[in-house]
Amino acid sequence: MRYLPLTPDDRQAMLAAVGAGSIDELFCDVPEAARLSGPIEGLPNHASELSVERQLGRLASQNLVAGEGPFFLGCGAYRHHVPASVDHLIQRGEFLTSYTPYQPEIAQGTVQALFEFQTQVARLYGCDVANASMYDGSTACWEAIGMARRITRRGKAVLSAGLHPHYVSVCRTMAKFTGDALDIAMPELTDGRPGDDMARLLGAIDKDTSCVVVQNPNILGHVADLSELAEACHKAGALLIVVVTEPVSLGLVRSPGEMGADIVVGEGQSLGVGLNFGGPYVGLFATRDKYVRQMPGRLAGETVDADGKRGFVLTLSTREQHIRREKATSNICTNSGLCALAFSIHLTLLGETGLRKLAAINHAGAVAAAERLAKVPGVELVNGAFFNEFTLRLPKEARPVVHALAEDGILGGVSLGRLYPRAADLANGLVVAVTETTSTDDVEELADALEEALA
Amino acid sequence: MSINSSGWKPEMSQGGAPTAETFTGNRALMLEEPLLFEIGSIGKTGVDFAEVPEAASRLGGLTREAPIGLPGLSEPETVRHYTRLSRQNYAIDLGLFPLGSCTMKHNPRLNERMARLPGFADVHPLQPQETVQGAYAVINLVGEWLCKLTGMPAVAMSPKAGAHGELCGLLAIRAALEARGDAREVILVPESAHGTNPATAAFCGYRVEDIPATKDGRVNLEALKARLGPDVAGVMITNPNTCGLFERDMIAIGEAVHAAGGLVYCDGANFNAIVGRVRPGDLGIDAMHINLHKTFSTPHGGGGPGAGPVVFSDALAPFAPLPFVEKREDGSFHLVEEETAGEHHADTFGRMVAFHGQMGMFTRAAAYMLSHGADGLRQVSEDAVLNANYVLRQLEDVLDAPFAASGPCMHEALFSDEGFPEGFTTLDVAKGLIDEGFHPMTMYFPLVVHGAMLIEPTETEGKAALDQFIGALRHVAERAKAGDAALKAAPVHAPRRRLDETAAARKPVLTYRELVTAAAAE
Numbered sequence: 184m185r186y187l188p189l190t191p192d193d194r195q196a197m198l199a200a201v202g203a204g205s206i207d208e209l210f211c212d213v214p215e216a217a218r219l220s221g222p223i224e225g226l227p228n229h230a231s232e233l234s235v236e237r238q239l240g241r242l243a244s245q246n247l248v249a250g251e252g253p254f255f256l257g258c259g260a261y262r263h264h265v266p267a268s269v270d271h272l273i274q275r276g277e278f279l280t281s282y283t284p285y286q287p288e289i290a291q292g293t294v295q296a297l298f299e300f301q302t303q304v305a306r307l308y309g310c311d312v313a314n315a316s317m318y319d320g321s322t323a324c325w326e327a328i329g330m331a332r333r334i335t336r337r338g339k340a341v342l343s344a345g346l347h348p349h350y351v352s353v354c355r356t357m358a359k360f361t362g363d364a365l366d367i368a369m370p371e372l373t374d375g376r377p378g379d380d381m382a383r384l385l386g387a388i389d390k391d392t393s394c395v396v397v398q399n400p401n402i403l404g405h406v407a408d409l410s411e412l413a414e415a416c417h418k419a420g421a422l423l424i425v426v427v428t429e430p431v432s433l434g435l436v437r438s439p440g441e442m443g444a445d446i447v448v449g450e451g452q453s454l455g456v457g458l459n460f461g462g463p464y465v466g467l468f469a470t471r472d473k474y475v476r477q478m479p480g481r482l483a484g485e486t487v488d489a490d491g492k493r494g495f496v497l498t499l500s501t502r503e504q505h506i507r508r509e510k511a512t513s514n515i516c517t518n519s520g521l522c523a524l525a526f527s528i529h530l531t532l533l534g535e536t537g538l539r540k541l542a543a544i545n546h547a548g549a550v551a552a553a554e555r556l557a558k559v560p561g562v563e564l565v566n567g568a569f570f571n572e573f574t575l576r577l578p579k580e581a582r583p584v585v586h587a588l589a590e591d592g593i594l595g596g597v598s599l600g601r602l603y604p605r606a607a608d609l610a611n612g613l614v615v616a617v618t619e620t621t622s623t624d625d626v627e628e629l630a631d632a633l634e635e636a637l638a
Numbered sequence: 034m035s036i037n038s039s040g041w042k043p044e045m046s047q048g049g050a051p052t053a054e055t056f057t058g059n060r061a062l063m064l065e066e067p068l069l070f071e072i073g074s075i076g077k078t079g080v081d082f083a084e085v086p087e088a089a090s091r092l093g094g095l096t097r098e099a100p101i102g103l104p105g106l107s108e109p110e111t112v113r114h115y116t117r118l119s120r121q122n123y124a125i126d127l128g129l130f131p132l133g134s135c136t137m138k139h140n141p142r143l144n145e146r147m148a149r150l151p152g153f154a155d156v157h158p159l160q161p162q163e164t165v166q167g168a169y170a171v172i173n174l175v176g177e178w179l180c181k182l183t184g185m186p187a188v189a190m191s192p193k194a195g196a197h198g199e200l201c202g203l204l205a206i207r208a209a210l211e212a213r214g215d216a217r218e219v220i221l222v223p224e225s226a227h228g229t230n231p232a233t234a235a236f237c238g239y240r241v242e243d244i245p246a247t248k249d250g251r252v253n254l255e256a257l258k259a260r261l262g263p264d265v266a267g268v269m270i271t272n273p274n275t276c277g278l279f280e281r282d283m284i285a286i287g288e289a290v291h292a293a294g295g296l297v298y299c300d301g302a303n304f305n306a307i308v309g310r311v312r313p314g315d316l317g318i319d320a321m322h323i324n325l326h327k328t329f330s331t332p333h334g335g336g337g338p339g340a341g342p343v344v345f346s347d348a349l350a351p352f353a354p355l356p357f358v359e360k361r362e363d364g365s366f367h368l369v370e371e372e373t374a375g376e377h378h379a380d381t382f383g384r385m386v387a388f389h390g391q392m393g394m395f396t397r398a399a400a401y402m403l404s405h406g407a408d409g410l411r412q413v414s415e416d417a418v419l420n421a422n423y424v425l426r427q428l429e430d431v432l433d434a435p436f437a438a439s440g441p442c443m444h445e446a447l448f449s450d451e452g453f454p455e456g457f458t459t460l461d462v463a464k465g466l467i468d469e470g471f472h473p474m475t476m477y478f479p480l481v482v483h484g485a486m487l488i489e490p491t492e493t494e495g496k497a498a499l500d501q502f503i504g505a506l507r508h509v510a511e512r513a514k515a516g517d518a519a520l521k522a523a524p525v526h527a528p529r530r531r532l533d534e535t536a537a538a539r540k541p542v543l544t545y546r547e548l549v550t551a552a553a554a555e
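Chains as they are written, first to last, in my numbering: chain V, 184 to 638; chain P, 34 to 555.
Since the hints were derived computationally from the structure, they do not count as laboratory data. Just so you know, not all the hints are guaranteed correct.
Said to hold, decoys possible - For lysine-lysine, the following DSSO-like pairs were computed, each having C-alpha atoms within a straight-line distance of at most 27 Å:
id	chain 1	residue 1	chain 2	residue 2
1	V	Lys510	V	Lys579
2	V	Lys510	V	Lys492
3	P	Lys540	V	Lys492
4	V	Lys492	V	Lys418
5	P	Lys540	V	Lys510
6	P	Lys521	V	Lys492
7	V	Lys473	V	Lys339
8	P	Lys521	V	Lys473
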C-alpha cells in the first residue's frame, strides 16, 4: 500500500520490541464480540492511483460543469475567476499539511496570514476586528445571534425576510434548542425592492429584542440603506447584524460597518475558494472592538518573542472550548483556515484597486443583463437597486423553466420555487447572478432560450 | 579582485557559530517577512481586467466612497510573500507531526487532484438535481463506506467539522428524547474528553457532569452506573479515549446507559486506531462523528476546513438533519430537503448548514477510501497502533507513562512530567523538540494526567522516522531531567523564540491599525 511505509520486516521487529507476539495482542482490550477477523465485507480492496482516478473521474463527468456553458446561479454561492497563483500557494505543503498554530514558533506563516486575513475582513466589512474564520456564512450567522444574546442578555432575534432561506433554516434549528425566539417572515416580490421588509423590522424591535438580522444585498439581490435600522436598533438596546453573502459587492456597495452594523458576518467563498458544490467555504465574522471578548472562534494577535521580535499567536483563547469547556462562547474548534488563506491571497492580488474594478465589472454586467433579459416578452425585472444579482418575474412558474434551460446546457438561475417550495406568490421568481465570468454571448443565449421556454 | 591561484579553498574563519546580526535580519534561508500592510499599496494590483463597460449605476446611491484600506501586490510579490510565510511553518510534508488526538497523517496528493476535477470543484450547490448526479453519487459513496466501516445504519453528511458533528449528534439525541416526551437535563462526560464535548453539550442546553476515571485511565463503570437516572440524557465517550486507551467496558457502558433510558454519543476523533478492525456499531453506540480530516486524511490546512459526518443507530436515524442524499430504486440520486422531508423524514431536527456540507472533503475522503480499500484500512489501524506502542515502549524508561502497565495503548502514547526537576515542564520538552526539528506532541491534554504529553505518530511514519523521533525526544527528556538550564531558552533555532502569549491577551492587537501605509500614499 503506497501510503504505508512499514515493511513486513519492520513490523516483525517492532512487535518484538514491544513484546507482542502478534498485532492481535495489541487489540486485546477490544471486547471479544467486537473483534473482526478480516477485512470488512461489502467493500472493495485497495486500488491503484490510476484506478481511483478512473472511478472518480467517471462520477465527475456526470455533472454539468458551471464553466462549460452559460451560467447564472448565485443565491449564496458565486462563480468568480480565481487567479492561478491562489491555488498554487494554498497547495504548498507548509500550508496544506500544517495544523492549527498551537506552537507559534514554528507556525508564524499561518498565524501571520490569519492576522492579515482578520485585518482584510475587518476593513472589507467596515468593522474594527474580525476573527480567523468560521465554517461558512450560515453557521457564522447563527453564531452572531448567539453572541448578541450574550451581549444584550435578551432572547428575541428579528430576521429579515430577505435573509437566505438556508440561513433562516439553520437559525430555526438552533433556536429550537437554545430557546431563542425568532421573528421570521417570507419575502415578497415587491416591485423596486423585493425582499425588503424595513417597515416590519422597525416595527418588530422591542425591549426583548437582542438583534435584527438583515442580509445586504438580500436573497433577491436588493441593496438597501441600513442606517435608519441601525439607529432604531441602538435606540432599543439591540444589535444590528448584517449578513453579506457576496463579498465582492463590498468593492462598490457601502459597507455594513459604515451603516452602523454591530456584527457583520458572511460567506467568503467568492474570493479564492470557488463553488465546490457547497463546501468547504469560509465564514467571515467581524464586530466592534468592545465586543471582542464575546466573539466565537479563533483569533490571531500580535506579540513579541523572547528576543523582542514581533510575532503572532492565537490569543484570547479563554473564550474557547479547549480552555473554558462548557462555559466557552462556542463549541467551534476547527475553522476554515485554508479557505481563509485562499480568500486572503485572492484579496491581496486584487488589492483595493482590483476589488473596486472587479465589483464595477460585476455590477455593469448585471445591469446590462437585467436590461436585456427584461426585454424578453413577458419577463419583468423586479429590482430597483441591485449589485450583481437580481430577480426576474416570469409569466409562468420558474422552476420547470430552469429544468428546461438545463436540458440545453444553460444554468439559467435559481428559481424561487427551489428555495421557497411552498410559496405560490414567489413561484414565478427567478434569481439571476452575473459575474465577471459571464459574457455578453452567455446573456444572449439565456435571453433566447428563455424566450423559447416561455413561448 | 584577486584570484585564488593555489587552487585550494580560501581560509575559513575558525570563530565558531557566527552571531553577528545581518543587515536584513534574514539568516540565509530563514527569511523575515513584513506584513502585507507594510509592503502592499492601495494602487497596486496583481489581477488584470478588461475595461469596465459603460453602464449607469443601479446601486440606489449606496456607493462605497471612503477608502477601504486594502493593499494589493503584483503577482510575483504575492507569490513571494506567501511562499516566504509558508517557510515559517512546520508541516507533515517536512517531518513527523506527533500531535496526539489530531491524527497528522500524510495527505495523499491524489486526493487534491480529485477534488479539483471541474466536475466536482466547478459545480454550484443549487444546480438542478439532474445536472449533479455524479456529485450526489460521491456523497452517497462516502456515506455508504462510513456506514459499513462503522456498522451503523444511517449517516448525516452535512456537519462541517468534528465539533459540528458533535452538535449534530447531540441535537438528534435531544430531538429523540423530546419526541418521546422525556425532557432530560444532564450529559455525562469523562474528564479526559476533548473540550468540544462539554462545550457542545452546553450549547445544546444540557448541564454537563463529569464521569470519574479508573486508575488505569478508563471510564469508571460503577461510578457511571451509580449516576445514571431519569435526568441523564446520555453520555459522550471518546473511544479509543484521549489517554490512547480502548474503553474495555464500552459494551457494558452502552447497556447501562440504554437501560436507564439514555443514549450513547461516541466522539470518533480517534477512529483511526480501529478503522477496519472494529465497528463502533458493534459496541452499542447511538451516534458518532467521524473527522474526515483525521482518519480519512483530508488535509488540516493550518486549522481547517474539516468535515464531521455523523453515523446514527436506528434509534436516532429518524431525527438526522437535512438535507441528505437518497438513492432511488432506478439508481438515480435525490436530495431530501425541507420540501420533501415531510413524506418520510418528518422527525428531522432540521438543517444545520447551508447547502450540503464539505463536498471538497468528501471527494478527498472518497479517493482515500478507494485507494486503501477494506484491506488497506485494516492495515492503517494496525500500523497506527503498532507505531504508537513502539514509541511507548521505547520511551517508558525515560518518561513516566502513567497507564503503560495496564497493557498496550491504541494509536497514541501518553506520558506525564513526573520526575522532572523543579522548574522543568512539559512545555520545555515541547520547545526542545522544536529545536530538534520536530513538531511537539500535544501538551497538557488530556487534563487527567499532570503535564500530559500525548504522542500520535500515525501509520504514515516508517521505522527510521520513528527511531529518529524517539532519539530526539529521549535526548530532550534527559536534558529536562538533568536540569539543563539551556532548555528553558528553547527554541533557539526556530523562526521565533518563545512568544509572549500573556502580553498578547492582555492588550489584544488583532488587526493592523494604520489605515494608509506609507507606500499607499503615492
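Are P/Lys540 and V/Lys510 close enough, with their CA atoms no more than 27 Å apart? OK: P/Lys540 and V/Lys510 at ~22 Å, within 27 Å.
Would the pair P/Lys521 and V/Lys473 pass a check requiring their Cα atoms to be no farther apart than 27 Å? violated (37 Å)
Assess, step by step, whether the Cα of P/Lys521 is no farther than 27 Å from the Cα of V/Lys492, and give holds or violated. Roughly 18 Å between the alpha carbons, so the hint for P/Lys521 and V/Lys492 holds.
Next pair to validate is V/Lys510 with V/Lys492; report whether the Cα-Cα distance is within 27 Å. violated (34 Å)
Are the Cα atoms of P/Lys540 and V/Lys492 separated by 27 Å or less? holds (17 Å)
Between V/Lys473 and V/Lys339, is the straight-line Cα distance small enough, at 27 Å or below? Roughly 22 Å between the alpha carbons, so the hint for V/Lys473 and V/Lys339 holds.
Given the hinted pair V/Lys510 and V/Lys579, is their Cα-Cα distance within 27 Å? violated (52 Å)
Restraint status (C-alpha distance of V/Lys492 to V/Lys418 at most 27 Å): Not OK: V/Lys492 and V/Lys418 at ~45 Å, beyond 27 Å, violated.
When held up to the earlier numbered hints, the structure conflicts with 1, 2, 4 and 8 and fits the remainder.
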